[in-house]
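Turn these sequences into a full structure, and let the hints steer you where they fit.
2 protein chains.
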Amino acid sequence: MTDSTGALAGALLMGDRRALARAITLVESGREDHRERAEELLDAVAVSDRQSLRIGLSGTPGAGKSTFIEAFGCMLTESGKRVAVLAVDPSSVRSGGSILGDKTRMERLSREPGAFIRPSPSQSHLGGIARRTKDAVALCEATGFDVVLIETVGVGQSETAVADMSDIFALLIAPGGGDELQGVKRGIMEIADLILVNKSDGDLKPAAGRTVADYSSALRLLKQRRGDPQDFPKAMPVSALEETGLREAWGEITALAKFRKTNGFWNERRSEQACRWFEDEVRRGLLRHFEADRKSETAMKALRSAVAEGTRAPGAAAREALSRLGRTAGS
Amino acid sequence: MTDSTGALAGALLMGDRRALARAITLVESGREDHRERAEELLDAVAVSDRQSLRIGLSGTPGAGKSTFIEAFGCMLTESGKRVAVLAVDPSSVRSGGSILGDKTRMERLSREPGAFIRPSPSQSHLGGIARRTKDAVALCEATGFDVVLIETVGVGQSETAVADMSDIFALLIAPGGGDELQGVKRGIMEIADLILVNKSDGDLKPAAGRTVADYSSALRLLKQRRGDPQDFPKAMPVSALEETGLREAWGEITALAKFRKTNGFWNERRSEQACRWFEDEVRRGLLRHFEADRKSETAMKALRSAVAEGTRAPGAAAREALSRLGRTAGS
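Heads up: the protein sequence lines correspond to chains A and B, in order. Once you know that position 219 of the first sequence is 206 in my numbering, the rest is easy, because the numbers rise by one and skip nothing. Once you know that position 313 of the second sequence is 300 in my numbering, the rest is easy, because the numbers rise by one and skip nothing.
Incorrect hints may appear among the rest.
Claimed, not checked - Taking lysine-lysine and the DSBU-like style, the derived pairs with C-alpha atoms no more than 35 Å apart in a straight line are:
#, chain 1, residue 1, chain 2, residue 2
1, B, K248, B, K221
2, B, K282, A, K288
3, B, K192, A, K288
4, A, K221, A, K210
5, B, K288, A, K245
6, A, K248, A, K210
7, B, K221, B, K245
8, A, K248, A, K221
9, A, K288, B, K210
10, A, K245, A, K221
11, A, K192, A, K68
12, B, K192, B, K245
13, B, K210, B, K245
14, A, K210, A, K192
15, B, K288, B, K68
16, B, K248, A, K288
17, B, K210, B, K192
18, A, K221, A, K192
19, A, K210, A, K245
20, B, K68, B, K282
21, B, K221, A, K282
22, A, K248, B, K288
23, B, K245, B, K68
24, A, K282, B, K288
25, A, K210, B, K288
26, B, K210, B, K221
27, A, K68, A, K245
What the hints assert, rightly or not - If you only want the chain A side, here are some residues facing chain B, beta carbon under 10 Å, derived:
#, residue
28, M287
29, A293
30, L309
Said to hold, decoys possible - If you want the footprint, here are the derived chain B segments under chain A, 3+ residues with CB under 8 Å:
#, segment
31, 30 to 37
32, 273 to 287
33, 292 to 303
Think of the hints as simulated: they come from the structure by calculation, not from any bench. Predicted, not measured: the structure shown is a model, and the values here were computed from it. For each residue, glycine too, the CB sits at the ideal point set by N, CA and C.
Okay, here's the thing in structure tokens:
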């Protein structure tokens, strides 16, 4: 390890927020030498046995996610907790929105000394964003944050990606009409630990109550989850505006975390997540090396042409490519 | 090539439907020796320059997909066309439904001498189903079918998979209330060439007309597609029950196919699909060989434990696994 990587690791373990910002910039870099240093750094801080509570939070559009994170985050920092907010937003590259917007939309929270807010990495695809955010989560954890909140927008596969790097996954929704269970896909309900119905205030309070009841019924239809208390997943009302329900939500989150820590499910989930990540990285590396290989490039080129012209079947051509390269089992 | 594979290829090229059924059974087999024979067979028939019109068809639940395929298929066979119907149904394994159901639910079509109906392969995941269906499409094509209709249910990624093996992709929907554009995801509208609003008959006729108008407006908002006529993608009413609009739908499909053949987009799309398929197969083979490799198994085991215990970072452990195996560029 180079000295500077060691120094950076030391600063992180001492809780230095500016070092954390630099470290995240390092892991987000696309440069190969940066990547190597980033991996040394991540490996060096992996020995720290600090664990944050990693909360994944997805919000449907209009659910008031930024306002909720601001209110929820401030409640936590005011009670002495250190809170990091990271984002997984595959749309941020196109819209450019969240790069500039994250700090302004959470102005109060960003001024809290115990808070750290970082926008989504500006990679071009979800896989890259998710990998770099996982790295950032590990860095926040080493820096000693009590809570790492990973927010995402409810599009495509980003929710699954965030759930896969979280200990607890919560879904924030707005109160709706009768038919609104439609709006939340079943797959998301199956990974959510908590459904928070925001805007339970003023005129919307009765609608929020009905929405909580609707989701509570729907959640009861899901299969009981191994390792979880019977009353989870659950739905509950919150109001980011009036700052009500936030303590109750935090209470549910910590109760679930404690339950899972006691029965061993917490560590089991973390191990599984880390192994999956490791295996994904090996697979990716394997393919990357293959694609960068001149020998395979030449072999692929000729076969690809035959496939494009329709004179070779794709499957047989693939088999030939692999056997020509001797990339067979045991070789 | 073994004699029997050669004989099977010959029978296919002669248009033998029973040989086609046997050939599809061969490509669906999980046995490694069957797989090798299947690839020989596919490679042998790839030289045939026969091209079917491959139509992908997705239907939302309740849209009347089976009735539509029956009516549409019979119209085509009655006009002398040979029609194969294949299915990509990731739910068929769990429900067991479509295995028994396909022929009974299309009783009239299944009795037509020019028709061939095959249920979804009963693989456990979409990737496997899609691969085996692509193989079956190639076999139908070699057997000389004029039209290959690949149907799928509107869940998850199956529509994208079907669009990726089709020349033309159509979406069948039922007439709905005002707010129903919600029901069809934007991503699906972006890959559809034609939206068919079924049940444009009896009481539902006015609603079907409104739905066609709604989708027509929505489709106009999509970006004009390279290589397509200005008025595509388009929405139109059909009635599988009264057998109206079917000829018009066929007319639109063949007009679009002709347009794309003339401007070269048809062949370009087919080449791209074949190359993507080839590259996917190479990637899959590479990973499969890696996973079957004893040397990698041992190296992976120790590192996986360290990752599970949290003493090694997943990324750095993956890099070590790859370098230990010497699977680096150029090696």
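Quick rundown of the hints versus the structure:
1. B:K248 / B:K221: Cα-Cα ~19 Å, so holds.
2. B:K282 / A:K288: Given that 35 Å is the threshold and the Cα spacing comes to 29 Å, the pair holds.
3. B:K192 / A:K288: violated (53 Å)
4. A:K221 / A:K210: holds (13 Å)
5. B:K288 / A:K245: Holds, at about 30 Å.
6. A:K248 / A:K210: With a Cα-Cα distance of about 21 Å, the restraint between A:K248 and A:K210 holds, given a limit of 35 Å.
7. B:K221 / B:K245: Between B:K221 and B:K245 the Cα gap is close to 16 Å, so the pair holds against 35 Å.
8. A:K248 / A:K221: holds (19 Å)
9. A:K288 / B:K210: holds (33 Å)
10. A:K245 / A:K221: holds (16 Å)
11. A:K192 / A:K68: holds (30 Å)
12. B:K192 / B:K245: holds (31 Å)
13. B:K210 / B:K245: holds (21 Å)
14. A:K210 / A:K192: holds (29 Å)
15. B:K288 / B:K68: Violated, at roughly 56 Å.
16. B:K248 / A:K288: With Cα atoms ~26 Å apart, B:K248 and A:K288 stay inside 35 Å; holds.
17. B:K210 / B:K192: holds (29 Å)
18. A:K221 / A:K192: Roughly 18 Å between the alpha carbons, so the hint for A:K221 and A:K192 holds.
19. A:K210 / A:K245: Judged against 35 Å, a Cα distance of about 21 Å means the pair holds.
20. B:K68 / B:K282: violated (54 Å)
21. B:K221 / A:K282: violated (46 Å)
22. A:K248 / B:K288: holds (26 Å)
23. B:K245 / B:K68: holds (17 Å)
24. A:K282 / B:K288: holds (29 Å)
25. A:K210 / B:K288: holds (33 Å)
26. B:K210 / B:K221: OK: B:K210 and B:K221 at ~13 Å, within 35 Å.
27. A:K68 / A:K245: holds (17 Å)
28. M287: holds (7 Å)
29. A293: holds (9 Å)
30. L309: Since chain B brings a Cβ to about 5 Å from A:L309, closer than 10 Å, the hint holds.
31. 30 to 37: Three-residue rule met by the segment 30 to 37 of chain B, so holds; n is 5.
32. 273 to 287: Holds: 9 residues of the segment 273 to 287 of chain B have a Cβ under 8 Å from chain A.
33. 292 to 303: n = 10 at 8 Å, threshold three: holds.
In summary, the structure is inconsistent with hints 3, 15, 20, 21 from the numbered list given earlier, while agreeing with the others.
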